[in-house]
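Residue numbers (the working numbering), protein chains in the order written: chain A, 1 to 359; chain B, 360 to 718; chain C, 719 to 1077.
Everything labelled a hint here was simulated from the structure, so no lab data went into it.
Hints are not guaranteed to be accurate.
[Unchecked claim] Selected chain C positions facing chain B (in silico; Cβ < 10 Å):
#, residue
1, V733
2, L795
3, Y869
4, L900
5, P1038
6, L1040
Think of the CB as a built atom: it goes at the ideal place given N, C-alpha and C, for glycine as much as any other residue.
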Amino acid sequence: MQLRELAEKLRCRLVGDGEIEVHHLASLHEAGEGDLAFVVNPRDLPKLEASKAAAVIIREGSPPCSKPTLLTNDPYLAFVQALRLFYTPDRAMPGIHPSSIVHESVRLAEDVAIGPLSVVEADVTIGRRSVVGAQVYIGKGSRIGADCRLYPQVMVREDVEIGDRVIIHSGAVIGSDGFGYLRDEQGVRIKIPQVGRVILEDDVEIGANVTIDRATMGATRIKRGTKIDNLVQIAHNVVVGEDGVIAALSGISGSVKIGDRVTLAGQVGIVDHVEIGDDVTVGAQAGVAKRIPSGGVFLGSPAVPHLAFKRSVAAVNRIPQLLMALKRIEARLASLEGAIGKRRDTPPPPQSVSEAGPR
Amino acid sequence: MQLRELAEKLRCRLVGDGEIEVHHLASLHEAGEGDLAFVVNPRDLPKLEASKAAAVIIREGSPPCSKPTLLTNDPYLAFVQALRLFYTPDRAMPGIHPSSIVHESVRLAEDVAIGPLSVVEADVTIGRRSVVGAQVYIGKGSRIGADCRLYPQVMVREDVEIGDRVIIHSGAVIGSDGFGYLRDEQGVRIKIPQVGRVILEDDVEIGANVTIDRATMGATRIKRGTKIDNLVQIAHNVVVGEDGVIAALSGISGSVKIGDRVTLAGQVGIVDHVEIGDDVTVGAQAGVAKRIPSGGVFLGSPAVPHLAFKRSVAAVNRIPQLLMALKRIEARLASLEGAIGKRRDTPPPPQSVSEAGPR
Amino acid sequence: MQLRELAEKLRCRLVGDGEIEVHHLASLHEAGEGDLAFVVNPRDLPKLEASKAAAVIIREGSPPCSKPTLLTNDPYLAFVQALRLFYTPDRAMPGIHPSSIVHESVRLAEDVAIGPLSVVEADVTIGRRSVVGAQVYIGKGSRIGADCRLYPQVMVREDVEIGDRVIIHSGAVIGSDGFGYLRDEQGVRIKIPQVGRVILEDDVEIGANVTIDRATMGATRIKRGTKIDNLVQIAHNVVVGEDGVIAALSGISGSVKIGDRVTLAGQVGIVDHVEIGDDVTVGAQAGVAKRIPSGGVFLGSPAVPHLAFKRSVAAVNRIPQLLMALKRIEARLASLEGAIGKRRDTPPPPQSVSEAGPR
Chain A
1 MQLRELAEKL RCRLVGDGEI EVHHLASLHE AGEGDLAFVV NPRDLPKLEA SKAAAVIIRE
61 GSPPCSKPTL LTNDPYLAFV QALRLFYTPD RAMPGIHPSS IVHESVRLAE DVAIGPLSVV
121 EADVTIGRRS VVGAQVYIGK GSRIGADCRL YPQVMVREDV EIGDRVIIHS GAVIGSDGFG
181 YLRDEQGVRI KIPQVGRVIL EDDVEIGANV TIDRATMGAT RIKRGTKIDN LVQIAHNVVV
241 GEDGVIAALS GISGSVKIGD RVTLAGQVGI VDHVEIGDDV TVGAQAGVAK RIPSGGVFLG
301 SPAVPHLAFK RSVAAVNRIP QLLMALKRIE ARLASLEGAI GKRRDTPPPP QSVSEAGPR
Chain B
360 MQLRELAEKL RCRLVGDGEI EVHHLASLHE AGEGDLAFVV NPRDLPKLEA SKAAAVIIRE
420 GSPPCSKPTL LTNDPYLAFV QALRLFYTPD RAMPGIHPSS IVHESVRLAE DVAIGPLSVV
480 EADVTIGRRS VVGAQVYIGK GSRIGADCRL YPQVMVREDV EIGDRVIIHS GAVIGSDGFG
540 YLRDEQGVRI KIPQVGRVIL EDDVEIGANV TIDRATMGAT RIKRGTKIDN LVQIAHNVVV
600 GEDGVIAALS GISGSVKIGD RVTLAGQVGI VDHVEIGDDV TVGAQAGVAK RIPSGGVFLG
660 SPAVPHLAFK RSVAAVNRIP QLLMALKRIE ARLASLEGAI GKRRDTPPPP QSVSEAGPR
Chain C
719 MQLRELAEKL RCRLVGDGEI EVHHLASLHE AGEGDLAFVV NPRDLPKLEA SKAAAVIIRE
779 GSPPCSKPTL LTNDPYLAFV QALRLFYTPD RAMPGIHPSS IVHESVRLAE DVAIGPLSVV
839 EADVTIGRRS VVGAQVYIGK GSRIGADCRL YPQVMVREDV EIGDRVIIHS GAVIGSDGFG
899 YLRDEQGVRI KIPQVGRVIL EDDVEIGANV TIDRATMGAT RIKRGTKIDN LVQIAHNVVV
959 GEDGVIAALS GISGSVKIGD RVTLAGQVGI VDHVEIGDDV TVGAQAGVAK RIPSGGVFLG
1019 SPAVPHLAFK RSVAAVNRIP QLLMALKRIE ARLASLEGAI GKRRDTPPPP QSVSEAGPR
């Protein structure tokens, strides 16, 4: 693409030769000839001249540069938008690969592609332009919206509802049974049938090897725009609000309700039936054990507001100082007691805490 | 189903019109016309009249209700039993889907179903009425009992032994190599062949995307009735006792032995070669680093008895108070020292711990 | 195999009848007739005579034994080498199973085996003797070296580069999209195209249901000889050095750089963009939040050097003693204040910390 054309599409100000062709995008240090790079951090500007990049996106107001330049207030955003122009995911050929087993009752909208060796059960519907990769399974009665992408080896059980522009990565399992048992009169654990559904709303993205259990009754629901990283567990009857972000290896227990715009960092755990409000951030490896109202950053296991967590860590770090202070105090006490000892009857023995070892 | 018939099957006492038909089951607030609901918590009884439910299961001794009612001492259990009557999993049609690759030496008992695009290797045996879903793999020589259900995309390696009524959810991998290496004389890490097996006893349930490694020698074993949630890792040579429950994202390291009726909450970790007795509960995100005898609840990382854990948390919370107390003591000391100062030679400097910041 | 032959191959010293045949290998307590066992721990030597093992590998210098014996300085290593002689993984028959879908542009070296129902996309190359199991997916343009083994249901996306002797276990997903979004001017989260690659160097082993994301640009790279356990998450642009070990359920966030010979125990988390030097060990459930230079053992969340962690734990355990010490000090102070009380004006109230409850 010509740099001039790119400048227009990205709404950047062009400085220098707009006739050059840009073939690839790359980071500053990996860029080769014909590549477009970008600089976000002013510290990297000096590296610019040494880079092989043919052109560069930099921030408005940066010092001038010998290469053709696209100027913008948000160079990283412009670069990402350029990436989206250059690298559209492979358009799969519409149609059903002959090796796939698609039930005759399945209804496919226009331009749906189904890759090889997939299984699509009865009464499934798939919306326009959606791409179902190889070796995917879609269970009976599930509905998939338009412009979705299910990567190879995705598994969708029966009665799952998926909105538009949903992306599901390989190995994800959507709609497995919730983990529910009950002891009967004899104390034997019996399985609670899991007859609910999973609903993934529009613009949701689900990472590789994620598991989302169907509801016992009703629905497990991931609301519009929420992005879920790899290896996350979402239990039965969970509701995750809109525009959330859940990082890898987090686990959300049964019936948890999470508000909008919530961020869970990696390896977070949330116990069952807890409610989390809007705009909450939970730090990595934190464990949420009780309700969190809206807003705030929570850390630790059990999770507490981040200032309380930092106070706790600081407090533990001060224990050695505390012990030394006690030693000094005991010395001063002993000295005072010596000074007025004649007047006292039975001084307590000067047993020092600082000599006692840890339990 | 007629309410009268349901009352008999659930052994509930019927009050009101037994002739009405129940079509579905639902929670109280989701119930529509023709639905049977239930009330466990007396606080929800007032919502009963406003519900659209056609009939309701409530506890014996509850105040009378205008709807036809099933009375029982355990309304949730009765409801779950009703769920089991209403929602039997889809009976798969017995037979082998023609797209599956089943070795000629495989022995299938009566009424086995094998879905499309599955692979069943040589010398596998599968018991009566077991259902193998689509795109499943069963390795050479593995034996599967009766009335099992392997959901689509389950992977069972060679020489795995599975009892009766075992359920395995999609994406689970049973029998992958244990994680074992040894350095040779040159310090090069060589792979220890993993030539043992996995045994899943009767009534075990394995969640989606679980991994259970085969033993180095001998067997990794999950005993009768134990239920394992999604994304759990069971390493080589682990033994998990009967009737246990292991929640999502827990990891059990090599050669761990766990007793009967043990509960591990979510994201629990257990280091290798540790033994855990019967009837132990380990709380969410706890890390078990040494032997736990039978009984008790353990929390924290490293895990300690739950009272010790609570004492630790309380102790840390008291550190700010400790610091304030020290400040007061130092003031009183200084005041005393001032009062008798004439008689003392070299008073120690009044350095206060409370002015020293955290490290 | 004859014991004499085995002794030569393992370079052990043979004592006793070298003509006997060894059929299987087993642990001492599981060994049956015809089995070769081993003793590493001298405590187990007394059990040797009671074992049914036909022969045994023991350490040079052990007391003599009535069974035919192989003597060596490292009996476990010799046993593992014997395991490797006895149990070579099933040699798959070279060739492409007719049920697999292999693009005509795929280049296969000699003796490659591709199992049933796999999909190999355009421009893939696979090196000599590599075995691709059943139901595997290999995306467009990926390259796989010689002597690799991809177990059934492995998923490799496009443009992945895999070295020689790499083992990938079932359910692993190599090359899924990195988890990257950016807010545009309207605050809408847009997906950052993930156009980089994954490189797995020679002798890497990847566990079951592992996820390794492709780089945003450039490559996510696992260097030579590193072994990764089940259910591990490796995010985009991570580099893991040579000869490392990463245990199950660990998560490494985006752009983390890890040196050579690093060990991460189970459920470790590392925040994004952190660097870890060579020869570092991180303990189970630790959370690395900042740079770690080379060497050392790190524990806790946030992770600290292991001595600091142990001091922290010991310090918290001493808080109850601290409280008791304060109580004694306050008593001594009160006694002193009483003794010289006449000379003081306003003694501060004797408020005791030890009476204040936790918050």
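Any CB of chain B closer than 10 Å to the CB of L900/C?
-> Not OK, violated: L900/C not within 10 Å of chain B, min 28 Å.
Quick one, is the Y869/C hint okay against chain B at 10 Å, beta carbons?
-> Holds, because the Cβ-Cβ distance from Y869/C to chain B comes to roughly 7 Å (cut-off 10 Å).
Double-check L795/C for me: the hint is only fine if its C-beta lies closer than 10 Å to a C-beta in chain B.
-> 6 Å, holds
Was the hint right that V733/C lines chain B, CB cutoff 10 Å?
-> 22 Å, violated
Identify whether the interface hint at P1038/C stands, where standing means a beta carbon of chain B within less than 10 Å of its own.
-> Interface hint status for P1038/C: holds (6 Å vs cutoff 10 Å).
Status of the hint placing L1040/C at chain B (closest C-beta pair under 10 Å) | Constraint on L1040/C satisfied, holds at 6 Å.
Checked against the numbered hints above, the structure violates hints 1 and 4; every other hint is satisfied.
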